[in-house]
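The task is simple: from the sequences and hints, build the whole structure.
So the protein sequences, as listed, match chains A and B.
All residue numbers for the first sequence refer to the numbering used here, where the first residue is 98 and numbers rise by one.
All residue numbers for the second sequence refer to the numbering used here, where the first residue is 5 and numbers rise by one.
I should point out that these hints are in silico values taken from the structure, not numbers from a laboratory.
Treat the hints with care, as some may be off.
The calculated lysine-lysine pairs, modelled on DSS-like cross-linking and capped at a C-alpha distance of 25 angstroms, are [claimed, not checked]:
| no. | chain 1 | residue 1 | chain 2 | residue 2 |
| --- | --- | --- | --- | --- |
| 1 | B | Lys81 | B | Lys91 |
| 2 | B | Lys185 | B | Lys248 |
| 3 | B | Lys106 | B | Lys124 |
| 4 | B | Lys252 | B | Lys280 |
| 5 | B | Lys193 | B | Lys280 |
| 6 | B | Lys185 | A | Lys124 |
| 7 | B | Lys81 | B | Lys124 |
| 8 | B | Lys248 | B | Lys190 |
| 9 | B | Lys156 | A | Lys124 |
| 10 | B | Lys124 | B | Lys157 |
| 11 | B | Lys193 | A | Lys124 |
| 12 | A | Lys192 | A | Lys214 |
| 13 | B | Lys166 | A | Lys124 |
| 14 | A | Lys235 | A | Lys245 |
| 15 | B | Lys106 | B | Lys91 |
| 16 | A | Lys124 | B | Lys190 |
| 17 | B | Lys252 | B | Lys190 |
| 18 | B | Lys157 | A | Lys124 |
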Amino acid sequence: MSLITPDFGLLFWMTLIFAIVFFVLAKFGFPIITGMVDERNVRISESLRKAREAEAALNELSVRQKEMIEQARQEQAAILKDAAQVRDAMIAQAKTQASDEAAKIVAQARTQIAAEKESAMAEVRSQLAELSVAVAEKVMRTQLESDKAQVELVNRMVEELSRNQKMN
Amino acid sequence: MRRLKGFILVVFMAIAMVAAAPAVAMPASSHDATEESGELDMNEYLFGHIGDSYGWHVTTINGHHVTIPLPVIVHGKSGWHVFSSSKLAHGESYKGFHVAEKGEKYEGKVVEQVDSDVVKPFDISITKNVFGLMINSLVLVILVLLGARWYKKHDAREEAPKGFAGIVEMMVMMVEEDIIKECIGKDYKRYSPYLLTAFFFIFVNNLMGIVPFFPGGANITGNIAITFFLAMCTFLAVNLFGNKHYYKEIFWPDVPMFLKVIPLMPLIEIIGMFTKPFSLMIRLFANILAGHVMILGVVAVVFLTAKLGVGMNAGLSLISVLFGVFMDVLEFLVAFLQAYVFTMLSSVFIGLSRQEPEEE
Numbered sequence: 098m099s100l101i102t103p104d105f106g107l108l109f110w111m112t113l114i115f116a117i118v119f120f121v122l123a124k125f126g127f128p129i130i131t132g133m134v135d136e137r138n139v140r141i142s143e144s145l146r147k148a149r150e151a152e153a154a155l156n157e158l159s160v161r162q163k164e165m166i167e168q169a170r171q172e173q174a175a176i177l178k179d180a181a182q183v184r185d186a187m188i189a190q191a192k193t194q195a196s197d198e199a200a201k202i203v204a205q206a207r208t209q210i211a212a213e214k215e216s217a218m219a220e221v222r223s224q225l226a227e228l229s230v231a232v233a234e235k236v237m238r239t240q241l242e243s244d245k246a247q248v249e250l251v252n253r254m255v256e257e258l259s260r261n262q263k264m265n
Numbered sequence: 005m006r007r008l009k010g011f012i013l014v015v016f017m018a019i020a021m022v023a024a025a026p027a028v029a030m031p032a033s034s035h036d037a038t039e040e041s042g043e044l045d046m047n048e049y050l051f052g053h054i055g056d057s058y059g060w061h062v063t064t065i066n067g068h069h070v071t072i073p074l075p076v077i078v079h080g081k082s083g084w085h086v087f088s089s090s091k092l093a094h095g096e097s098y099k100g101f102h103v104a105e106k107g108e109k110y111e112g113k114v115v116e117q118v119d120s121d122v123v124k125p126f127d128i129s130i131t132k133n134v135f136g137l138m139i140n141s142l143v144l145v146i147l148v149l150l151g152a153r154w155y156k157k158h159d160a161r162e163e164a165p166k167g168f169a170g171i172v173e174m175m176v177m178m179v180e181e182d183i184i185k186e187c188i189g190k191d192y193k194r195y196s197p198y199l200l201t202a203f204f205f206i207f208v209n210n211l212m213g214i215v216p217f218f219p220g221g222a223n224i225t226g227n228i229a230i231t232f233f234l235a236m237c238t239f240l241a242v243n244l245f246g247n248k249h250y251y252k253e254i255f256w257p258d259v260p261m262f263l264k265v266i267p268l269m270p271l272i273e274i275i276g277m278f279t280k281p282f283s284l285m286i287r288l289f290a291n292i293l294a295g296h297v298m299i300l301g302v303v304a305v306v307f308l309t310a311k312l313g314v315g316m317n318a319g320l321s322l323i324s325v326l327f328g329v330f331m332d333v334l335e336f337l338v339a340f341l342q343a344y345v346f347t348m349l350s351s352v353f354i355g356l357s358r359q360e361p362e363e364e
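The following block contains the structure:
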């Protein structure tokens, strides 16, 4: 068979076979592979983009986190300072209150003591009076045994009483 | 059927020389007998391997030819006939058909004896090349569909294929990204099924051509009918979908007026339309054919030097085998390279036919 003249029979079969192969591969072979690879490429570039975005978001987040920690620390310091002030104020207040109270109690005690003392003095005085009356009675009884002494006394008393009335 | 056959025969001959030396020596003593049976008919040996035939000669065991008979399909004066090629073996005639002898008209083809005339019938027999083409196409389809099957079972967006499907994907994407997309440009998706099919078709057929034993070994991409068809496909792809600019450049190119009044440039351009696919056809055909011939020639050294004596034969056989290995490796490269070149040039021609006019 000649080398350089195309044989019709072979050409016929080649046309048929190539057409079938082309149909099968173009329908079920290559487009599936290339299509899927394209899809995967899209997916990969999308994933890369997302990863970049996520990284950026993460960076931002860590900055925010630092900021928040800093803020929290400041707030903590402020609260501690406030608390110390309040504590000091409360202690001071409590102190003044306590000293006021103490002063009040002391004053009360003083007045009470004074009153007690007064009443005690009054009692002492009255007892002293009674005692002195009794003493006086005894003294008088001994002095007034004579009638003359009795009369003199009565006179002096009347005189005193009348002087008192005149003065009034 | 080149390397392995060569290798097996080297081993066989070595055994034969040691064990049956007297038997070999016998016909050698008679010069006429050697001419008839012992010597290699180089012409038949070469053309038997690279050419087409009605049966597929697989091997010869002890002088007995092992040939796969293939259907002969002819339409002659007496209508359609389908019969096995074994009926025509050794010059026999069947229903008025026989294979034309060497030196006759239509040498090697099935011809019909009509009265005293020899007529060539309408012949669409499943020849060795057609059968090889069928096997190779089946292999190609199975390989690609096996590769594509992976995507049905997996979510390709989540993972990339490994193993066989990975190789198929890698090659498909290599062809599409590096050749088709690069050379055609924006509309490449439209052409990529054809160009991918052409690439893998040529590649698989080239590779199967290197395989030296039965399912391979047919010289398919080294046959002009095959490359003619492929080049024709590219020609149609280029010229059917060429844009306005492409045709303007052919019939009314930007050259001085006198070159168009006497239509010199259009003539050259029109010839160019045909020379491009023609070069594709010849390049693939010649490269693969030359590769086959080279390997066959290297292997033939083993048989041609048989009568030069044991030492000479052994030494040259060793060189032949080493050189044969080198040629096979080279052909492996050529198998890929020619598929690559065919696809790339087709893409370039298609790309040229779709070029937009440059902005001035």
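Hint-by-hint comparison with the structure:
1. Lys81/B <-> Lys91/B: Distance of about 19 angstroms is within 25 angstroms: holds.
2. Lys185/B <-> Lys248/B: holds, 21 angstroms
3. Lys106/B <-> Lys124/B: Holds, because 15 angstroms separates the two Cα atoms, which is no more than 25 angstroms.
4. Lys252/B <-> Lys280/B: Distance ~18 angstroms between lysine 252/B and lysine 280/B Cα, so the pair holds.
5. Lys193/B <-> Lys280/B: Within the cut-off at roughly 22 angstroms; holds.
6. Lys185/B <-> Lys124/A: The given pair, whose Cα atoms are some 20 angstroms apart, holds under the 25 angstroms limit.
7. Lys81/B <-> Lys124/B: OK: lysine 81/B and lysine 124/B at ~10 angstroms, within 25 angstroms.
8. Lys248/B <-> Lys190/B: Status holds; Cα separation ~17 angstroms.
9. Lys156/B <-> Lys124/A: holds, 14 angstroms
10. Lys124/B <-> Lys157/B: violated, 53 angstroms
11. Lys193/B <-> Lys124/A: holds, 13 angstroms
12. Lys192/A <-> Lys214/A: violated, 32 angstroms
13. Lys166/B <-> Lys124/A: The given pair, whose Cα atoms are some 23 angstroms apart, holds under the 25 angstroms limit.
14. Lys235/A <-> Lys245/A: holds, 18 angstroms
15. Lys106/B <-> Lys91/B: holds, 18 angstroms
16. Lys124/A <-> Lys190/B: holds, 21 angstroms
17. Lys252/B <-> Lys190/B: holds, 21 angstroms
18. Lys157/B <-> Lys124/A: holds, 18 angstroms
The structure does not agree with the numbered hints 10, 12 stated previously, though it agrees with the rest.
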